[in-house]
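**Student:** Those sequence lines, one after another, are chains A and B. Here our numbering is used: position 25 in the first sequence is 25, and no number is missing along the way. Our numbering runs 220 ahead of the 1-based position in the second sequence.
Calculated from the structure, these hints are not laboratory results. There may be inaccurate statements among the hints.
[Unchecked claim] With a straight-line cut-off of 35 Å between C-alpha atoms, the simulated DSBU-like cross-links for lysine-lysine are:
1. K7(A) x K624(B)
2. K420(B) x K378(B)
3. K202(A) x K17(A)
4. K7(A) x K17(A)
5. K624(B) x K17(A)
6. K202(A) x K7(A)
7. K377(B) x K420(B)
8. K202(A) x K420(B)
[Claimed, not checked] Chain A side only, calculated, beta carbon under 8 Å to chain B, not exhaustive:
9. L54
10. D55
11. D58
12. V68
13. E73
14. D74
15. E101
16. I105
17. P109
18. R111
19. D114
For clarity, every value in this text was computed on a predicted model and none was experimentally measured. Glycine included, C-beta positions come from ideal geometry on N, C-alpha and C.
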Amino acid sequence: MSSDILKAEGIRKSFGKVTAVAGVDLAIRAGEFLAIVGRSGSGKSTLLNLLAGLDAPDSGRISSQGRVLPTGEDELADWRRDHVGLVFQAFHLIPTLSALENVAIPLYPRRMTDTVRRERAGNCLELVGLSHRTGHRPGQLSGGEQQRVAIARALVGGPSLILADEPTGNLDTTTGQEILDMFERLRHETGFALVVVTHDEKVAAVADRQIRLQDGVEVA
Amino acid sequence: MPRFTLVWAELRGRPIRTLTGAVSLAIGLALFLSLQAYGSGYRQAARAPLSEIGTDIVVQREGDRPEAFEGAVFPHSAAVITDDQASSVAGTDGVEATSRALIFWSFQGDDLVVALGMDPAERIGPGRLNAGLRDGRFLRPDDSGVAVLDLSYAEQKKIRTGDSFTVAGQAFTVVGLVDTSRAGQVANANAYLPLADAQKITAAAGISSPTDVNMVFVTAQPARSEAVAREIGAALGRDSLITTPQSFDDALGSTFSLIDRFGLLVGIAALLVAAAGLARTVSANLAERRRDVAVLRAVGWPRRAVTAQLSAETAAITSLGLVLGVLGATAVTWALNRTTVTVPVPWELSPTPHFLAGGARQLSLTVPMNASLDALLIVAAAVASLIAAALVSGFAARRAAGIKPMEAWRVQ
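Isolated chain A (complex conformation):
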C-alpha cells in the first residue's frame, strides 16, 4: 500500500479549447503542508477541484491510499466525507444554519446521535476559537470568523487531508495570518495533510513544500 494520501498521475482537464491542467503529477504525503502556487488562471484551483473529486479529469489517474478514486458522484461524496475536508475562498457556509449546524453538516449522513454530532461540532468550533459563536448565523459573523467556521466544518469528520482553495483570499492580512497560524497549529495537533492553493508567496512560504503551476503545467 502506498504511503501517499493522495496521488495524481498525468491528470489533464480542459474547458472547451482552454486547457486548465495539462498533465500534472503530484503526491501528497501524510501530515505535510503542500502549497500549490500560481497566478490567476494558472489552473491551480482546477487542480485542487480534481484532487477533491469535485471535477473529473479528462485523463490521468487520481488515487487515494493506493486506490483509484471512484467515478460515481455518490461514491466520491462518500470518499470526501470520510477522508477530505474542504475550505473555500468564498467560505460556502449555508446562510440559514447556525455556526454549529454548519460545522455539523458533514456528520449528518453518518450514523450518530444528535448529541454526539453537536458535541463533535462544538469541539471543532472550540478548536478554532469560536465556542462563543455557536448560535450565530454566517451573516452575523465576520469574514475571518466565517472562514474559521469553514475550517471547523472541514475538521469535523476527522479527515486525513484538508484541501483549501485561497483560504485567506477574502480576508485582510492580519486575519489571513491568523487563519494560517490556526491551520499550522491544528495540523500539528491532529496530523492532517494540508494542501493550500494560493497566489500569495507569503502563504506559500509557510508550506513544507511548494509546486508551481503555469498554464496548467508544473514548473520548477
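Position chain B against the provided structure of chain A, taking the given hints into account.
**Tutor:** Chain B in isolation, oriented as in the chain A frame:
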C-alpha cells in the same frame, strides 16, 4: 432520512419564502373548503322548512282557480288527493311514513280563515306543531268539534282558549294556541282541526268526498328521497306539485345556484392555483439553493440524502399550508355561521290567497346558517396537496440533488 433540525432551521431561516409557499396553499385550501362548507350550509338551510315538520316531501295537486270565494274553498295549489292516491303515495317504494292533511279557505263574510285538518297522532307533518303549543292543549286523536288556533291569529282576533270559533259555519271550541312561526312556514294555517271534521266541512261544501285530503307529507329513505319524489310525481300526473328540499334550493335563487354548481369547480381551481403557487415556491427555493446543495454534496452528502432533505422541507411547507388552510376555513365557517339564510317558501305552500291584501307576499323562513367543514373533504384535499407536493418536490429535488458542486459554484 431527512434531518428535521435542518428542516426547521431552513424554514425558520427563510421565513418569507416559507410563509409565501404555505400561505398560497392555505388560501387555496381555505377557499376550497369554505366554498364547500358554504354550499353545505345553504343545502342544510334549504332542508330546514321541511325538516322542522319532520318531512322530506310534501305532495299536493294543482287545481283550478275557485269559481267563487264563498264558504269552504280549496286553494288552487291544493286540489283533492283521493284516498286511493294517498294510499298509493304511502305504498311507493322508499317511503317510510306518510301523514295526510286537508287545507281549505273558509270565506265568512269579509273574513277569511285558513283551516287545516290534520291527524294529531301522526309523528310527521302538522302533528309536529304541538311543539309550539303556547296555551291550552294540542289536538288529540279522538277529538271532534275542537280547534287549535295560531297564536298570532288568535291575538289579532282577540280569541282565547275556551272561546268558540266558527269555521265554514261550524262552531269549534278553541282548546289551545300554537306558535307556528318556527314551523318552517309549511302547513301554516289560522286554525287546526281534526282531519275528520275538516273532511266533513269540505264534503258538505261539495268540493271533496269524505275521505279526500289535499296534502300528503312524506318521509323517505334518505338515499332515495329524490327518486321517491320523482316516482310520486309521475304517479299523480302532470298536475302534481311535489315539494322537496330541492324546491327550496331552487327558490334560494342564483346565489346558491352559483355556489352549488360552480363551488366545487371554483374550489378545485383555487386548489390547483395554490398547488401551482406551491410548485413555484418549491422551484424558486431549489433554484435559490443550488449553492447550498452544492455545499452538501461537496461535504459528502449522498444524492438520496439531499433529495430526502429537500423533499422534507417541501412537505413541511405543505403541512404548514394545510394547517393554516384548515384554520382559515374553520374561521370562515365560524363567521358564516354567525349569519342567517332567508329561505323563500314555494308559492304552492303559501296558505294565503294571493289575491288578498298581503297574500302575494313571498313567504320566507330565516334560519341560522349551519355550515360545517367536511372531514372527508379535508382529508381528500390534504392528501391531494401532499401528493402534488411530493410529485413536484420529488422531481425538482432529485434534479437539484444531481447538481455537481463545481457546476453550481461556477454559475454562482
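**Student:** Next, verify each hint and record whether it holds.
**Tutor:** Hints and how they fare:
A threshold of 35 Å between alpha carbons decides the hint, and for K7(A) with K624(B) the separation of about 23 Å falls inside it, so the pair holds. Restraint check for K420(B) and K378(B): satisfied, since their Cα atoms lie roughly 27 Å apart, inside the 35 Å limit. Between the alpha carbons of K202(A) and K17(A) the distance comes to roughly 33 Å, so the proposed pair stays at or under 35 Å and holds. Straight-line distance between C-alpha atoms of K7(A) and K17(A) comes to about 26 Å, which keeps the hinted pair within the 35 Å bound.
Pair hint K624(B) plus K17(A) holds up; C-alpha atoms about 21 Å apart against a cutoff of 35 Å. For the given pair, K202(A) sits about 26 Å from K7(A) by alpha-carbon distance, which is consistent with the 35 Å threshold. Restraint check for K377(B) and K420(B): the C-alpha separation of about 25 Å stays at or below 35 Å, so the hint holds. A C-alpha spacing of about 122 Å is found between K202(A) and K420(B), which places the hinted pair above 35 Å, so the restraint is violated.
The beta carbon of L54(A) comes within 5 Å of a beta carbon in chain B, closer than 8 Å, and the hint placing it at the interface holds. At a threshold of 8 Å, the smallest CB-CB gap from D55(A) to chain B is about 5 Å, leaving the interface hint in force. Residue-level restraint check for D58(A) is violated (minimum Cβ-Cβ distance to chain B is 14 Å; threshold 8 Å). For V68(A), the suggested interface contact is broken, since its CB lies about 19 Å from the closest CB of chain B, more than 8 Å.
Hint status for E73(A) relative to chain B: holds, with the closest Cβ pair at about 7 Å, below 8 Å. The interface hint given for D74(A) holds, since its Cβ lies 5 Å from the closest Cβ of chain B, which is under the 8 Å cut-off. With 8 Å as the threshold, the beta carbon of E101(A) comes within range of chain B, its nearest partner Cβ sitting at about 6 Å, so the hint holds. Given the 8 Å rule on beta carbons, the hint for I105(A) holds: about 6 Å separates it from the nearest Cβ of chain B.
The interface hint given for P109(A) is met, as the beta carbon of that residue sits about 5 Å from the closest beta carbon of chain B, less than 8 Å. At about 10 Å, the closest approach between the beta carbon of R111(A) and any beta carbon in chain B exceeds 8 Å, and the interface hint on this residue is violated. For D114(A), the suggested interface contact is upheld, since its CB lies about 7 Å from the closest CB of chain B, less than 8 Å.
In summary, the numbered hints that this structure violates are 8, 11, 12, 18.
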